[in-house]
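Heads up, the sequence shown is in full-length UniProt numbering, so the first residue is 1 and it goes up one at a time.
Careful: at least some of the hints might be erroneous.
[Unchecked claim] Quick list of simulated restraints, FRET-style, between CB atoms: (1) E122 with G75: 13 to 21 Å; (2) L69 with N97: 20 to 28 Å; (3) K59 with Y121: 24 to 32 Å; (4) R76 with I7: 14 to 22 Å; (5) V51 with E14: 29 to 37 Å.
If you're looking for bench data, these hints aren't it; they were derived computationally from the structure.
We put the beta carbon where it would ideally sit given N, CA and C, even for glycine.
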Amino acid sequence: FGDADAIITSDMSEYMEKFSVSRLTGAPPGYVGYEEGGELTEKVRRRPYSVVLLDEIEKAHPDVFNILLQIMDNGRLSDNLGHTVDFRNTVLIMTSNLGAEQIVRGSNLGFQAEKEGTLSYEEMKNRVMSE
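Model the full structure from these sequences, guided by the hints.
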């Protein structure tokens, strides 16, 4: 959106545990940090036109995917303070390292002979998508 501050990055390896998922939307009443908003919801509420980069999404707890499903389904999310945060003007980008090792290695399983040279893009894509 024309500004480097419009990028909200989050390393999803920080959200591997179930209790850490609540940091995205804010702590529930009675818990430490309740007065503060969630890390994701507060940033998007203050800057609705932003790009959210969720790095290494495969490491996140499954509850994170439930939150993302709600964002993509409704276009909004409520934080712990009751604020409704609108995500309709936000771009969500999720990165993953799944299949990276197989692309770098380029090896086949079994006794299949390896072709000389590098793999084409389509061959790499088919290998990663088959898993």
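Under the constraints set out in the numbered hints, which ones does this structure not fulfil? 1 and 5
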